[in-house]
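Number of protein chains: 2
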Amino acid sequence: MVGVFYAVIPAGGSGTRLWPLSRAGHPKFLHTLTGTSASLLQATVDRLGQLAEPESTYVVTGVAHAAAVARQLPALPDANILVEPSPRDSCAAIGLAAAIIAARDPHAVMGSFAADHLVRDGDAFASAVRAATDGARDGLLMTVGITPTHPETGYGYLRCGEAVGAGQVRRVAEFTEKPPYEVAVSYVESGEYFWNASMFIWRVDVFLAELLRQQPQLHAGLMRIAHAWNGVDRERVLGEVWPTLPKISVDYAVMEGAAAAGLVGTVPGDFGWNDVGDFHTLGDVLERDERGNVVIESDDGAVGKSDILLHDTDRTVVVPRSGRLVSAVGVHDLIIVDTPDALLVCPRDRAQDVKKLVDSLKERGNPHV
Amino acid sequence: MVGVFYAVIPAGGSGTRLWPLSRAGHPKFLHTLTGTSASLLQATVDRLGQLAEPESTYVVTGVAHAAAVARQLPALPDANILVEPSPRDSCAAIGLAAAIIAARDPHAVMGSFAADHLVRDGDAFASAVRAATDGARDGLLMTVGITPTHPETGYGYLRCGEAVGAGQVRRVAEFTEKPPYEVAVSYVESGEYFWNASMFIWRVDVFLAELLRQQPQLHAGLMRIAHAWNGVDRERVLGEVWPTLPKISVDYAVMEGAAAAGLVGTVPGDFGWNDVGDFHTLGDVLERDERGNVVIESDDGAVGKSDILLHDTDRTVVVPRSGRLVSAVGVHDLIIVDTPDALLVCPRDRAQDVKKLVDSLKERGNPHV
Numbered sequence: 001m002v003g004v005f006y007a008v009i010p011a012g013g014s015g016t017r018l019w020p021l022s023r024a025g026h027p028k029f030l031h032t033l034t035g036t037s038a039s040l041l042q043a044t045v046d047r048l049g050q051l052a053e054p055e056s057t058y059v060v061t062g063v064a065h066a067a068a069v070a071r072q073l074p075a076l077p078d079a080n081i082l083v084e085p086s087p088r089d090s091c092a093a094i095g096l097a098a099a100i101i102a103a104r105d106p107h108a109v110m111g112s113f114a115a116d117h118l119v120r121d122g123d124a125f126a127s128a129v130r131a132a133t134d135g136a137r138d139g140l141l142m143t144v145g146i147t148p149t150h151p152e153t154g155y156g157y158l159r160c161g162e163a164v165g166a167g168q169v170r171r172v173a174e175f176t177e178k179p180p181y182e183v184a185v186s187y188v189e190s191g192e193y194f195w196n197a198s199m200f201i202w203r204v205d206v207f208l209a210e211l212l213r214q215q216p217q218l219h220a221g222l223m224r225i226a227h228a229w230n231g232v233d234r235e236r237v238l239g240e241v242w243p244t245l246p247k248i249s250v251d252y253a254v255m256e257g258a259a260a261a262g263l264v265g266t267v268p269g270d271f272g273w274n275d276v277g278d279f280h281t282l283g284d285v286l287e288r289d290e291r292g293n294v295v296i297e298s299d300d301g302a303v304g305k306s307d308i309l310l311h312d313t314d315r316t317v318v319v320p321r322s323g324r325l326v327s328a329v330g331v332h333d334l335i336i337v338d339t340p341d342a343l344l345v346c347p348r349d350r351a352q353d354v355k356k357l358v359d360s361l362k363e364r365g366n367p368h369v
Numbered sequence: 001m002v003g004v005f006y007a008v009i010p011a012g013g014s015g016t017r018l019w020p021l022s023r024a025g026h027p028k029f030l031h032t033l034t035g036t037s038a039s040l041l042q043a044t045v046d047r048l049g050q051l052a053e054p055e056s057t058y059v060v061t062g063v064a065h066a067a068a069v070a071r072q073l074p075a076l077p078d079a080n081i082l083v084e085p086s087p088r089d090s091c092a093a094i095g096l097a098a099a100i101i102a103a104r105d106p107h108a109v110m111g112s113f114a115a116d117h118l119v120r121d122g123d124a125f126a127s128a129v130r131a132a133t134d135g136a137r138d139g140l141l142m143t144v145g146i147t148p149t150h151p152e153t154g155y156g157y158l159r160c161g162e163a164v165g166a167g168q169v170r171r172v173a174e175f176t177e178k179p180p181y182e183v184a185v186s187y188v189e190s191g192e193y194f195w196n197a198s199m200f201i202w203r204v205d206v207f208l209a210e211l212l213r214q215q216p217q218l219h220a221g222l223m224r225i226a227h228a229w230n231g232v233d234r235e236r237v238l239g240e241v242w243p244t245l246p247k248i249s250v251d252y253a254v255m256e257g258a259a260a261a262g263l264v265g266t267v268p269g270d271f272g273w274n275d276v277g278d279f280h281t282l283g284d285v286l287e288r289d290e291r292g293n294v295v296i297e298s299d300d301g302a303v304g305k306s307d308i309l310l311h312d313t314d315r316t317v318v319v320p321r322s323g324r325l326v327s328a329v330g331v332h333d334l335i336i337v338d339t340p341d342a343l344l345v346c347p348r349d350r351a352q353d354v355k356k357l358v359d360s361l362k363e364r365g366n367p368h369v
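Chains as they are written, first to last, in UniProt numbering: chain L, 1 to 369; chain C, 1 to 369.
You can trust all of the hints, since none of them are fake.
For chains that are exact copies, the list does not tell them apart, and a pair is met inside one copy or across any two.
Here are the computed lysine to aspartate or glutamate pairs in the EDC-like style, where the Cα-Cα straight-line distance is at most 16 Å:
| id | residue 1 | residue 2 |
| --- | --- | --- |
| 1 | K178 | D275 |
| 2 | K355 | D312 |
| 3 | K356 | D312 |
| 4 | K178 | E152 |
| 5 | K362 | D307 |
| 6 | K178 | E256 |
| 7 | K247 | E84 |
| 8 | K247 | D89 |
It should be emphasised that the hints constitute simulated quantities derived from the structure, not laboratory data.
Please take these sequences and the hints and turn them into a complete structure.
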């Protein structure tokens with residue numbers, strides 16, 4: 001790869017649909033969910049190790065989790081843990097990193113990767129990102145496209161246009177974030193769409209120019225902050241400006257409009273990507289027994305290993321985190337999450353609705369959220 | 001009612017299909033399961049209060065639960081808590097009480113009633129038992145017949161014969177304990193059968209004569225024990241004789257053969273009987289919310305009241321006994337039993353199979369049984 005590659009990892013969001021395992025106080029990206037001892041965040045940094053040095057790897061996180069992030073990633077310099085004063089959605093988070101990197105290296109290529117996704121094949125992932133940097137260097141805002149398997153309404157969809165250059169890069173004719181269900185169905189059936197895997201690879205100058213065009217207020221705020229970043233006024237400026245930044249995702253703020261202007265490209269990614277959005281999805285990607293059951297043990301040693309007894313039980317996802325005996329009889333396609341203070345039982349096809357449950361708990365002021 | 005009525009309550013069995021609520025160390029009859037503060041045993045004694053004085057009420061229980069039984073029933077005289085040295089099934093337990101009562105009152109009418117069944121209408125229950133005492137006084141081994149609602153294979157079935165006398169008493173033409181499923185189906189479809197509710201009303205002399213005829217060894221052993229009961233040798237004789245008694249239920253030992261000899265009668269009982277054999281059954285008899293869910297809280301104050309959050313959930317039985325938040329989303333017809341050291345999840349139509357699970361735990365030497 002020509003030049004230094006900068007990796008940016010926005011680590012925000014509590015993973016509501018993974019409640020009661022994931023909590024506001026201990027979000028998804030800090031968890032070991034994959035049967036290894038690495039948290040999703042650590043696994044993300046490890047995976048990016050082929051592409052970026054620790055010195056050019058940045059994590060953007062919130063005040064609540066800055067300490068945990070810093071401790072989980074001892075190889076990263078202190079200065080590379082960017083702490084947001086408050087959550088302002090992904091455009092502010094990614095934009096902050098882009099502005100800071102641009103101040104250091106104006107034409108740098110950076111990639112942004114979620115802290116809490118799973119990738120099965122790290123080498124294939126690195127190859128796809130390298131292929132995307134070709135398009136990024138040529139001035140495209142690059143994405144990685146995943147072949148969709150079902151009409152998921154929580155993702156962005158990329159409609160492919162013509163090839164750009166001799167490599168794998170294709171122009172994106174349309175970028176549609178979170179389409180309605182019927183639209184998602186037609187996209188999947190057409191065979192012309194990829195899922196956007198929330199991976200963005202671009203030259204920081206190209207991204208910031210597009211941000212200036214589409215979101216001038218956000219751009220101006222980030223520039224003020226980046227300008228003050230290495231000075232004595234950093235905290236004062238951050239404190240003043242950050243709360244005024246528009247709260248919007250990068251998909252809506254930049255990508256949809258950039259695609260309409262012909263500025264977005266994509267490369268296909270076939271590396272076992274999964275956003276681990278809910279327990280059903282998690283059950284699909286982890287190792288299962290001969291009856292399709294998945295038991296997601298903890299590796300952190302916080303509780304004793306649970307006894308698990310699944311009798312005549314199929315395709316069930318069990319998350320034992322209380323040290324208690326967890327038993328099921330005659331159950332199929334169920335999710336059972338057993339934590340020290342809360343239990344969840346939910347069919348796998350209702351895994352998305354865990355969010356509603358958490359919303360309901362929040363409304364009641366329940367302390368278990 | 002003419003003469004003193006003696007009530008006998010065999011309190012044995014751990015209620016395996018109610019695991020993990022019911023344990024070998026804390027069996028079903030000691031539990032509050034009905035939303036009131038009385039245990040099933042206490043409710044049984046209360047219900048019999050219309051028919052028998054505490055002085056003529058006996059409980060037969062095992063060594064493990066003698067103290068708990070005695071404390072739950074402070075009104076019963078010490079001498080009326082009959083403690084078996086080891087479990088020898090129901091014929092030995094009920095026969096012991098019959099022999100001891102016979103030594104006190106040779107022609108007494110006694111009734112035997114399980115310690116862990118539910119009866120909704122106590123007055124109707126008392127009326128049925130009073131009607132049965134007519135047949136008992138006339139020399140029949142009386143039962144109470146419940147109109148069957150489904151082909152249950154765990155019960156005894158009574159085929160009715162001709163009326164006896166002017167009251168409700170009918171002779172039982174056939175007594176079949178635990179028929180195979182196909183047989184149970186044909187019984188229920190015929191409309192000629194009742195379930196035996198494990199209630200037996202008879203003159204102690206009639207029962208002991210029939211025991212002598214069908215089970216002479218059991219009869220002889222019980223006579224030796226009863227003879228020694230009020231003397232200094234009670235414990236020595238019990239210790240010697242009890243382990244030699246045939247281990248057999250009263251249904252097989254006496255009732256099937258007595259019915260074949262024309263000695264069994266029945267009266268219909270329509271008082272909301274339920275044997276609370278499993279969580280599904282329990283869910284059918286207790287008060288449910290508008291979606292058919294039943295939450296069986298504890299009244300014993302051992303744990304804090306649990307938060308329960310059932311979102312889009314129907315006909316589900318929740319037994320919260322750990323003080324944790326119990327939540328379910330999109331679940332129907334499920335059983336969720338949450339105790340401090342073990343969790344069970346099971347569809348209601350598999351409630352019988354909890355026994356298999358417990359057997360499997362026993363095989364493994366698991367301490368949670």
